[in-house]
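In case you want the letters, here they are:
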Amino acid sequence: MKDQIQIKVTKRSPAYWRVTFDHPPLNIFRPEMLPQVNEIITALETDEQVKVVVFDSAVEGFFLIHLDFLARLDDLAHLPPGPTGLHPWPEMLGRLSRAPVVSIASIRGRATGMGSELALACDMRFASREKAILSQFEVGAGLVPGGGPMAQLTRLMGRGRALEVILSANDIPGDLAELYGYVNRSLPDADLDGFVDALATRIASFDKRTLLDIRRLVNVAGLPSDIEIESGWNACVASMARPATQERIKELIGRGFCKPGEAEDRLGEFVGQHGR
Amino acid sequence: MKDQIQIKVTKRSPAYWRVTFDHPPLNIFRPEMLPQVNEIITALETDEQVKVVVFDSAVEGFFLIHLDFLARLDDLAHLPPGPTGLHPWPEMLGRLSRAPVVSIASIRGRATGMGSELALACDMRFASREKAILSQFEVGAGLVPGGGPMAQLTRLMGRGRALEVILSANDIPGDLAELYGYVNRSLPDADLDGFVDALATRIASFDKRTLLDIRRLVNVAGLPSDIEIESGWNACVASMARPATQERIKELIGRGFCKPGEAEDRLGEFVGQHGR
Amino acid sequence: MKDQIQIKVTKRSPAYWRVTFDHPPLNIFRPEMLPQVNEIITALETDEQVKVVVFDSAVEGFFLIHLDFLARLDDLAHLPPGPTGLHPWPEMLGRLSRAPVVSIASIRGRATGMGSELALACDMRFASREKAILSQFEVGAGLVPGGGPMAQLTRLMGRGRALEVILSANDIPGDLAELYGYVNRSLPDADLDGFVDALATRIASFDKRTLLDIRRLVNVAGLPSDIEIESGWNACVASMARPATQERIKELIGRGFCKPGEAEDRLGEFVGQHGR
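The listed protein sequences correspond, in order, to chains A, B and C.
Take 1 as the starting number for the first sequence in my numbering and just add one per residue.
Take 1 as the starting number for the second sequence in my numbering and just add one per residue.
Take 1 as the starting number for the third sequence in my numbering and just add one per residue.
Bound conformation, chain A alone (with noise of 0.2 Å):
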C-alpha cells in the first residue's frame, strides 16, 4: 500500500499540468499520500516550463478528504520538519502558495478537512456548483484544523464568515463557497471542466517570470505568517491529545467514520450527531 501511487501527474503541455487525486472509493488522506504530495511539489518547484498546475479528482463524490484516522497516524505525526521548521504538512501548503506554478483547484465532490486545506493554499479555486461540498469539519471530532484554515479563511472571506464554517463544521455547498468567497466561482457542473481548462490554458501562455511577479506581490497581502500556520499547527496537536478529542474521534469511527456509506456522504449532519 504504501508505495502505492494515489496522485497521478498529466502534463497537457509542458506549461499545463494537472494532479489528480485517485485512492478510491473516498479519496481520503492516508500519510503515504504526503510525502508522494511533496514530490510533485518538489517537481513543479524545479521544472523551468510549467507555469499552472491544476488539481482535480478521478473520484466520484470526493474531491480530497480528510485524514484517514484508520490509519497508523504515527506515520505522519513523527514525520520530522521541513526546512522552514514547519511540520511537513502545513509547510507543503505553504510551499504551494508561493512555488514558481499558478495553482488551481478545481472541486467537484467533497473537499473537507485536508482536502478543502489544500484547496484553499492554491492560487484559485473553482467549484461544481451541483457537486462541491466544502467544509472544515474538524471541530466535529474534537480537534483544530492543522493546515491553515483559521488564517486563510479569515482573510477570505472575513471573520465572521470564517469563524461559521469552522465553529459550524458544516458543509458549505457550491452556492454558499462562491457567497462566502471560500471559492472564486461556482459554476455549472457541466461547465466547470471547460472553464479551468481554458483559464489554465490562457495564464500558460503568459510570461511566467511576469506571472511570479505579480503573484509573489499578491502573496504580501494575501498570505499569512509562518508564524500564524505555526500556532495553528500547534493548537491542532494539543487537541489531538486531549482525552475528549480521543474519545469523540472513537464514537465517531463507531459510528463508521474513515468509511464509504452516509458517514463521510453527509459528514456535516453525522458530526453534528455527537451525544444523541
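Derived by calculation from the structure, the hints in this document are not laboratory data.
Certain hints may be false.
Note that identical chains are pooled: a pair holds if it fits in a single copy or bridges any two copies.
Within a straight-line C-alpha distance of at most 30 Å, the following computed DSSO-like cross-link-like pairs (lysine-lysine) qualify [unchecked claim]:
| no. | residue 1 | residue 2 |
| --- | --- | --- |
| 1 | K131 | K259 |
| 2 | K259 | K8 |
| 3 | K11 | K131 |
| 4 | K208 | K250 |
Following the hints, complete the assembly by docking chains B and C onto the known chain A.
Positioned in the frame of chain A, the structure of chains B and C alone reads:
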C-alpha cells in the same frame, strides 16, 4: 429607571444562553444599559459551561439602536476607563470578541450605531431578510462612530464598501448586508429563529476548548488592535465636542430623533434631510 | 496635443465636483494626462469647500483605459519622483486615496490598466451592470501592473479572486465585479447616474471634518503601505524592460492594440490570443 433591567438572559441549556434586548419602544441604548451589558459579559467570561450566546431583541422593529441623546450623557461620558485603558463601551466590545464563548447576533429590526457595533463585535451575524436594517448613521449627526466600525467593517467587506456604509449613513437592508458581508447571511424572516437556534445548539455540542482555540486563531487576522479601536474612539469623542455636531444633533432632536416615529423608523432618510 | 485638456472639472456645487475623462475615442491614458490629473488632485487637496468628487467619462464605451503605448513613453517614464519618493503615477493614486475629499468612481464602459487603478484608488466604485467592464489586462502584454492592483484587489476581494483577475487579464463585467467586490455595486445602466448623484449629494451634506476622520480611520486597515506600492511599481518597471515584454507589446500593437477597433473593444479576448 436606572436599575430597571432592560436586557434579559435566558439559559436554554447550561451551554447555550440567550441575551435579549427588551427596552421598548425603540431598544434605544441608554447609559444605564452599559453596566448591565458589562455584567452579562462578566458572567459569560466566568461561567465554565457556557459555549454559545445569541443576542436578539424582544422589541418589534428594533434589534438595538444608538445612544439615547435625550438621556444624561454624562453618565456615559464620565465613566472611568476599563482595565485595558479603553472607554468602557469599546472595551466591552473587545471583551465580547475575545470572551470564552461563541457569540451570534440574530438581527431582526434596526441595528444602528451601538446596535450595529455590538453585532460587529459578535463572532457571527444573521439577519432577517425582510425585517433587518443595519447602519452606522453617525455621520448624519456629525459624529464619528465610536465602537470600531471603521476597523471592523473594513476587515469584513473591504475599504470601498466600508466607506460607503459609514460615509453614507444609509440604511442597509438584509440582502445588501449579505452581499457586502455586513452579516454572514440574510434569511427569510420565518427561518431566522430556527436557523440560529440550530446553529447555536450544534456549536454547543462541540468541545469548548477546541472552539475557543479556533476562535483565538481567527482573531489573529480578524480583529483590530486596541490602538486602532482607541484611535476611533478618540475621534468620536472629538467629533462630539465640535459645535457643528452639537448643532446638528440639536436639529435632529427638534425633528424627532430618539423618539418613536418617522425619525427612527426611517433613520437613513431622516439624517439625509439635514438643512433641507 | 500636449496642452489639450482631456479632463473636465465641473462643480455641481462648491462641495460636490465632477471630474470627467473626455479623450475620445478610447479615453486612452496619454502621458500628458498625468500632469492634468495631478493638478486636479492638488485643487481637491487645497479647496476648503469640496467634500465629494465623482470621476466619470464622456466617451461612449470607455471609462478610462491603459497607457497609450503609441505615445512617447519617455515623457512618463522619466518624470521625477513625487514628494514621497514614488513615481508620480502611484504617488498620485496614493494622494487621491488620502486627499481631504470623498471620491467615487462612476464606471460606464471599459476601465482597464490605469483606468482600473484610478477607480481602485477612489473611495467607492459603482458600475453600470450592462456597460461596465473592469480588468487588469497587463499580464497579457507581459507587464506587471504598476498602480497597485495586487495590493488593492487582494484587500478588496481576497487572494484567490485577486489572483484570478490579475493573472487571467480577463474582462470582468459589472455583475461579476460586484460579486467579487471589485466595485461596491453594479446598477442597471439607467439607474447609475441617479444613484451616484444622490449618494454624492448626500455625502456633501455631511460635515467635512467628520467625513475625513472616518476615512482616515478606514484607511488604517484598508490601504496598503507606500513600500508595498513601491515594490509593485518596481516590478512593473522591470517587466517593461524585459525583451519578452517588448516583443509581446510590439506584437499586440501590430494587431491593433491602442487603436479603436476590436483590439480595445474586446481587450480580454485579444490579449488571450497571443501566439495563436
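Hint check results:
| no. | hint | verdict |
| --- | --- | --- |
| 1 | K131 x K259 | within (20 Å within a copy, 44 Å between copies) |
| 2 | K259 x K8 | within (23 Å within a copy, 46 Å between copies) |
| 3 | K11 x K131 | within (26 Å within a copy, 39 Å between copies) |
| 4 | K208 x K250 | between (48 Å within a copy, 18 Å between copies) |
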